Structure formats: C-alpha cells, structure tokens
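Asks: Full structure from sequences and hints, please.
2 protein chains.
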Amino acid sequence: MKDVAVIGIGMTKFGELWNKSIKDIFVEASLKAIDNAGVDHIDSMYVGAMSSGLFVGQEHIAAVMADYLGMGPVPSTHVESACASGGMAFRQAYLDVASGNSEIVLAAGVEKMNDGADATAVLATAADQEYEVYNGITFPGLYAMMANAHMHDFKTTPEQLAAVAVKNHHNGFNNPNAQFRSEITIDTVLNSTLVADPLHLLDCSPVTDGGAAVILCPLDMAKNFTDKAVKIIASTQASGTISLYERESFTSIKAVVKAAEKAYKQANLKPSDIDFAEVHDCFTISEIIVSEDLGFFNKGKGGFAVQEGKTSIETGEIPINTSGGLKSKGHPVGATGIAQVIELYEQLTEQAGKRQVKNAHIGMAQNMGGSGASCTINILEAL
Amino acid sequence: MKDVAVIGIGMTKFGELWNKSIKDIFVEASLKAIDNAGVDHIDSMYVGAMSSGLFVGQEHIAAVMADYLGMGPVPSTHVESACASGGMAFRQAYLDVASGNSEIVLAAGVEKMNDGADATAVLATAADQEYEVYNGITFPGLYAMMANAHMHDFKTTPEQLAAVAVKNHHNGFNNPNAQFRSEITIDTVLNSTLVADPLHLLDCSPVTDGGAAVILCPLDMAKNFTDKAVKIIASTQASGTISLYERESFTSIKAVVKAAEKAYKQANLKPSDIDFAEVHDCFTISEIIVSEDLGFFNKGKGGFAVQEGKTSIETGEIPINTSGGLKSKGHPVGATGIAQVIELYEQLTEQAGKRQVKNAHIGMAQNMGGSGASCTINILEAL
Chain A
1 MKDVAVIGIG MTKFGELWNK SIKDIFVEAS LKAIDNAGVD HIDSMYVGAM SSGLFVGQEH
61 IAAVMADYLG MGPVPSTHVE SACASGGMAF RQAYLDVASG NSEIVLAAGV EKMNDGADAT
121 AVLATAADQE YEVYNGITFP GLYAMMANAH MHDFKTTPEQ LAAVAVKNHH NGFNNPNAQF
181 RSEITIDTVL NSTLVADPLH LLDCSPVTDG GAAVILCPLD MAKNFTDKAV KIIASTQASG
241 TISLYERESF TSIKAVVKAA EKAYKQANLK PSDIDFAEVH DCFTISEIIV SEDLGFFNKG
301 KGGFAVQEGK TSIETGEIPI NTSGGLKSKG HPVGATGIAQ VIELYEQLTE QAGKRQVKNA
361 HIGMAQNMGG SGASCTINIL EAL
Chain B
1 MKDVAVIGIG MTKFGELWNK SIKDIFVEAS LKAIDNAGVD HIDSMYVGAM SSGLFVGQEH
61 IAAVMADYLG MGPVPSTHVE SACASGGMAF RQAYLDVASG NSEIVLAAGV EKMNDGADAT
121 AVLATAADQE YEVYNGITFP GLYAMMANAH MHDFKTTPEQ LAAVAVKNHH NGFNNPNAQF
181 RSEITIDTVL NSTLVADPLH LLDCSPVTDG GAAVILCPLD MAKNFTDKAV KIIASTQASG
241 TISLYERESF TSIKAVVKAA EKAYKQANLK PSDIDFAEVH DCFTISEIIV SEDLGFFNKG
301 KGGFAVQEGK TSIETGEIPI NTSGGLKSKG HPVGATGIAQ VIELYEQLTE QAGKRQVKNA
361 HIGMAQNMGG SGASCTINIL EAL
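Sequence order for the protein chains is A and B.
At position 130 of the first sequence (counting the first as 1) the number is 130 in my numbering, and the numbers step up by one without a gap.
At position 233 of the second sequence (counting the first as 1) the number is 233 in my numbering, and the numbers step up by one without a gap.
Hints in this document: simulated from the structure, not taken from any laboratory.
One or more of the hints may lead you astray.
No distinction is drawn between identical chains; accordingly, a pair holds when it is met within one copy or between any pair of copies.
Said to hold, decoys possible - Straight-line distance between alpha carbons at most 27 Å, and here's what the computed DSS-like set of lysine-lysine pairs gives:
#1 Lys155 / Lys299
#2 Lys358 / Lys270
#3 Lys13 / Lys254
#4 Lys13 / Lys301
Note that this is a predicted model, so its numbers are computed, not measured.
Replies: In structure tokens, the structure reads:
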C-alpha cells in the first residue's frame with residue numbers, strides 16, 4: 001500500500017448555522033479544502049454524515065454533494081458510523097489512495113442538526129433501537145451510567161469530569177471555528193443543569209451544524225501541491241458491542257482498545273510517542289475513559305490526570321483536545337472525525353496559533369460512534 | 001492492485017418478512033455467505049443500506065450488524081448511496097481486498113422496508129429534498145417523466161414497457177428467492193392500476209424486505225476455500241446530477257454512461273463481450289434506458305429490443321435480469337446491488353437452475369441510486 005498524505009484542509013465555523021443548508025455547509029468546507037490544497041480536480045470523494053435522512057430528510061447525500069460541489073461524475077461515497085462517520089470517511093479515502101485506485105481524494109463530513117428535528121431522538125438511533133432506545137435510554141443516560149461506574153470503581157469525582165470541560169473550553173476559546181468560545185470554571189459546570197446524574201449540561205457536547213473537509217493524495221505527489229503536507233502513519237478501525245448490557249465493563253470501550261492496538265502496531269509506536277491527541281469527548285466521561293483506553297494513563301487515572309493538568313496545552317505531557325474538542329468546538333456528528341484531523345494538520349504544520357502545542361510531531365485522532373460500538377483511529381506525522 | 005474473487009454467496013428470500021427484524025435478515029444472509037464460502041473468519045465487513053434510520057429507527061447499522069453477527073471487533077463500515085447502497089458496499093469491499101488491506105471481506109446489503117414507515121416518502125429522500133421532494137415529486141413521478149420523454153423521442157410504447165415486466169416476472173418465476181413468482185402478460189400490466197402515467201403498478205418494483213451477502217478474497221487465495229470462485233474484472237462508480245431539471249436529457253443517465261465507460265476500460269471489454277447483465281429495473285423504463293446507456297442497444301432501441309426478445313434468457317443476445325430483476329425478485333434497496341452480484345455468481349458457476357444462461361462467461365451488474373445520480377458497475381468473469 002502507498003504512503004498517503006493530507007495536503008489541505010477546510011471547515012466552516014461550527015455552531016447554529018440557521019441561514020445555511022446542509023449543502024451550503026458541505027460545499028463551503030470542501031471548496032476551502034480544495035483551495036487550501038491547491039488542487040485543480042479530485043478523483044473521488046467520501047462523505048461522512050450520521051443521519052441526513054432523519055435530520056433534514058435527505059439520503060443519497062454523497063451524490064447530492066458531488067453534484068452541488070460541481071464534481072460529478074467523480075465517485076462519491078457516503079460512509080456512516082454514527083458519530084464516527086467523519087473518521088470512517090477519512091479512513092475509506094485513505095484506503096482509496098493507499099490502494100492506488102485514486103490519487104486526489106476529498107474526505108469531508110457534514111451534519112445539519114439544527115433544522116427542526118428532535119436531535120436527542122435522532123442521536124439515540126446510534127444505540128440499539130430494540131434493546132436500548134425502545135426502553136427509553138438516550139445518550140446522556142448511557143454515558144451517565146458509564147460515569148457512575150467509573151466513579152464507583154476508581155473514585156473519579158464530578159470535579160474531575162468538570163475539569164475536562166474547563167480545559168476544553170479554554171482550548172476552544174482560542175479556536176476561531178469553535179461553537180463556544182468562553183472560558184468556564186469547575187463551578188460553572190457543577191452548577192449547570194443536571195442532565196443525567198452525574199452529568200451536567202456542561203459535561204455534554206452540544207448540538208451543532210458544521211462541515212469539515214480534507215484533501216488526501218499519495219505522499220510522493222504531495223510536494224507538487226504544497227510544502228505543508230502531513231503523513232498518515234496509521235488508519236485503523238474496530239467494532240464492539242452496541243449495547244451497554246452486553247459489556248463486561250462500563251469503564252473501558254473494547255472498540256477503542258482494539259483500534260488503538262492496531263494503530264500503534266501500524267505506526268510502530270507506543271502511547272508515549274504520541275505528542276497530542278484529539279479524542280471523542282461527546283461527554284466529559286468519554287474523554288477520561290478513552291484517554292485510559294488509548295494507553296495515555298492507567299485505567300482509573302484519567303480523571304486525576306486531567307485535574308493535574310497532564311492533558312493541558314500549557315503543562316501537559318499529552319495535550320488532549322487542543323481544538324476545544326467536541327465539548328467546546330462543537331459536535332456536528334458527521335463532521336467531527338474530519339475536524340479532528342484538521343486540528344492534527346494545523347498543529348503538525350504549526351498553524352494552530354494560540355493553541356499550538358510545542359514540538360508537535362505526531363498526533364492522534366480518535367473518533368467513535370454511539371457508546372463506543374465503533375471506533376476509528378488515525379495517526380498523523382509532521383514531515 | 002490485487003485481483004479479487006467472489007467465493008461465496010447467501011441471501012434471504014425477498015418479500016414481506018413481517019416476522020423478521022432487520023438484524024435477523026442481515027445475519028441470515030451473512031451466515032449463509034460465510035458458510036457457502038467455507039471461511040472461518042472475516043477481516044472486515046461492509047454494509048449497504050439506504051435508510052435504516054427512516055425505515056426502522058436504527059443508524060450505526062454496520063456496528064449493530066457486526067455485533068449481532070458475532071464479528072466484533074472487525075472493522076464494519078456502512079455505505080449508503082440510496083438504491084445503489086449494495087453495489088457501493090461491494091465496491092468498497094473490493095477496494096479493501098484489492099489494496100491488500102484486508103483478505104477475507106463480507107459485503108452485505110439489507111433493507112427492512114415493511115415495518116410501518118411510509119416507504120414512498122422514505123424512498124423520496126433519494127431525490128433532491130429542497131428542489132424535487134419539497135414540490136411533491138415521488139419516484140414513480142420522476143421515472144414517469146423519463147418514460148414520457150423516451151416515448152416522445154423514440155416512439156417507445158406502453159407495450160414495450162410492459163414487455164420488461166413480463167420478461168422479468170418470467171425469469172423470477174424460476175428464482176426461489178423472488179418476491180413475486182408469477183407469470184404475467186402484457187395485458188396484466190396494462191390493466192393494472194395507473195400509478196404515474198404511463199407507469200402502471202406492474203411497471204414498478206415492489207417494496208421489499210431482504211438481505212444479500214457475498215464473501216470476497218484475493219484471487220490467489222480463492223482456491224483455498226472453493227472451486228467455485230468468480231473473478232471481479234471491473235468495479236467502477238460515477239455520480240451525476242441529482243435532479244431531473246438539471247439534465248440535458250431525460251432519456252440518458254450520465255452516471256451510468258460514465259461508470260460503464262470506466263468499467264469497459266478497466267475490463268478491456270466492449271458491450272458485445274458481456275454475456276448477460278443484471279440492471280437496475282426499479283421501473284420498466286429504467287431497464288430500457290440503462291440497456292441503451294450500457295451500449296447493449298442504440299439509444300431509442302431498448303424498448304424494441306425487449307419486445308423482440310433480445311434480452312430474454314431463451315432467445316436473447318444479451319439476457320437481462322435473469323434473476324427476475326428488481327421488478328419480480330423484489331427491491332430491498334440496500335440489498336439489491338449485492339443480490340445482483342449473487343445472480344452473476346450463480347450464472348457464472350452454473351448454479352442458476354432453470355434460469356441458467358448458456359455459455360455465461362462474463363456478467364455485468366449495474367446498480368443505481370435515485371433517478372440515476374449515482375451508479376456502480378461490477379463485471380465478473382467465470383474462471
């Protein structure tokens with residue numbers, strides 16, 4: 001398989017984009033990426049979106065977007081894996097280039113969540129409809145159960161959960177594309193509305209509209225277009241149990257563990273080699289669990305690590321969610337996995353401004369679906 | 001890129017499967033394919049489904065299916081392109097094997113359309129929501145406009161449209177998995193309820209539940225598992241305009257023409273080299289238009305060709321839809337593209353029983369989404 005590079009990025013501002021349609025959002029992000037990469041055509045495209053059918057009544061979304069982008073007749077493929085749809089689209093684009101089948105490929109994600117649909121109900125379709133959703137569970141409830149288990153087993157505290165939100169809002173304050181650019185405190189989180197005990201409103205990522213896009217090409221072609229290419233050194237994916245009731249543990253996510261094992265093997269790296277990471281903080285507890293499952297901290301120590309500043313840009317050994325994460329940057333579900341890759345690209349090419357991590361050579365993006373039944377991990381390296 | 005083979009197949013009966021869930025249907029087809037191929041594991045899987053979100057309230061469908069199939073933690077990816085979702089899933093599986101990334105891959109499609117949802121409204125999400133669906137159009141209406149244009153330009157007759165349905169029901173009569181196993185006549189079609197002039201009820205494919213699955217592996221590994229392998233000699237895809245109003249012509253589908261050009265080039269073949277084909281007959285007019293766009297007949301001659309028996313198993317120079325097609329076999333939209341490949345496999349390995357095409361060495365499957373904004377073409381060759 002060929003080595004593959006990311007050569008350009010583009011995204012919309014994340015937020016409540018009431019005056020833009022899903023097409024507008026997708027096209028804006030994609031044209032920015034095409035322009036940023038300096039390419040004059042694409043050979044194929046992959047579109048990550050969780051549920052354009054339920055959110056805006058539009059399936060066949062990859063063909064729609066190829067048409068509106070003016071890119072027909074290129075092959076355009078929609079990839080869905082709930083909140084991991086963007087990461088999965090990126091991985092299929094990577095395989096398309098790595099195989100030698102295509103050269104210049106657009107991987108883009110989009111979601112238009114604010115358009116009248118009941119977002120909580122739509123998101124719940126990422127859980128098991130027959131055994132979980134039918135009985136009334138929603139995602140705050142699922143992650144609240146995981147949080148309670150983690151607090152029970154490891155003495156993780158509500159203050160530690162809140163520390164994730166405080167850090168990510170701090171990072172997002174310096175991200176011009178973030179939905180929420182406001183510093184918050186532990187007290188702000190703990191005094192916000194209780195959504196599902198122990199998760200408060202500010203422990204939860206928001207409902208967001210947004211689009212994100214990147215351009216991939218063979219590494220040996222990258223210099224034809226840009227001096228700011230970044231190499232993909234691992235792209236892996238795993239699945240796990242869809243429902244919590246099937247799991248041996250609520251405090252570890254098997255798909256994350258498996259995808260990470262494969263990613264470290266593909267890149268020939270260990271966790272301590274990763275300089276910074278974007279991880280899937282749909283709720284504060286998920287950042288803590290995932291930071292343990294990725295091997296950055298021992299199981300049960302993720303909450304303490306955040307509290308001690310080990311994941312902050314300024315003092316951390318492994319800065320996490322330098323973009324602001326899903327929590328502050330926003331979580332347009334299909335776009336999130338691509339936006340994570342964009343943060344890696346900006347950090348690795350030293351374009352992250354006030355969020356810049358010093359000596360950022362290797363970054364990891366971890367994107368997962370539902371309560372973790374699917375996970376994709378991409379590791380990128382500066383050239 | 002590596003040569004890739006299909007080494008096993010499995011499908012459910014197509015029809016109204018009221019006592020089976022979408023999971024039951026998917027697992028039944030997939031286990032049959034795994035058993036038929038004689039493999040003891042899979043390395044990854046691709047799931048084609050159009051809209052499990054709108055039909056049964058379940059997104060994240062690839063992770064759900066990996067779990068219920070007992071195949072976690074393998075990577076499992078949902079691919080959607082409306083009614084071409086199955087064919088697109090097959091193509092992504094092909095790329096996964098051809099790239100060398102995976103060896104044994106399951107490509108499966110499923111749709112559970114009979115579960116209370118308004119199937120016509122769900123299917124309409126394959127058209128442009130803002131410019132077509134909002135104004136009231138449904139798919140019978142879109143294809144009726146295409147039929148009227150074809151009748152106007154080329155003197156195609158309602159009897160020629162009906163001849164497609166008669167032929168496909170005749171073929172489906174001999175397919176044990178078909179939804180409708182009943183011979184019909186031209187009069188039966190012309191006397192059936194008018195749905196959208198000139199299309200009668202029996203010009204339209206039905207609403208169907210069903211699943212279909214195949215196993216792919218590198219060609220050089222195929223003999224380890226079976227003496228009934230079939231080689232994939234082309235797998236292509238193209239996109240086009242989503243809405244009819246954007247098109248130069250209603251009587252030709254650009255995505256089909258482009259995907260066919262690429263497929264003939266990849267396989268180094270011309271249309272007359274194809275021994276038989278499964279094409280996307282969601283309506284009788286679509287089989288006629290597509291048979292022209294694939295180069296089997298000159299533009300405008302497709303209706304006459306059917307009427308003259310040129311596409312029948314018994315007398316045809318190019319038998320089309322030997323399985324019964326979407327019209328008689330049924331059209332569980334996400335499964336259709338995979339079911340087409342299954343018919344190719346059965347014909348090329350001489351297991352098609354009373355539907356067997358004599359001297360079948362090369363078969364083509366053409367699967368498209370919506371009114372043709374996406375198309376995938378796969379060409380398979382007997383070994």
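Asks: Each of the hints needs a verdict: does it hold here or not?
Replies: Going through the hints against the structure:
| no. | hint | verdict |
| --- | --- | --- |
| 1 | Lys155 / Lys299 | within (12 Å within a copy, 73 Å between copies) |
| 2 | Lys358 / Lys270 | within (20 Å within a copy, 58 Å between copies) |
| 3 | Lys13 / Lys254 | neither (33 Å within a copy, 35 Å between copies) |
| 4 | Lys13 / Lys301 | neither (34 Å within a copy, 52 Å between copies) |
Hint check: violations occur at hints 3, 4; the rest are consistent with the structure.
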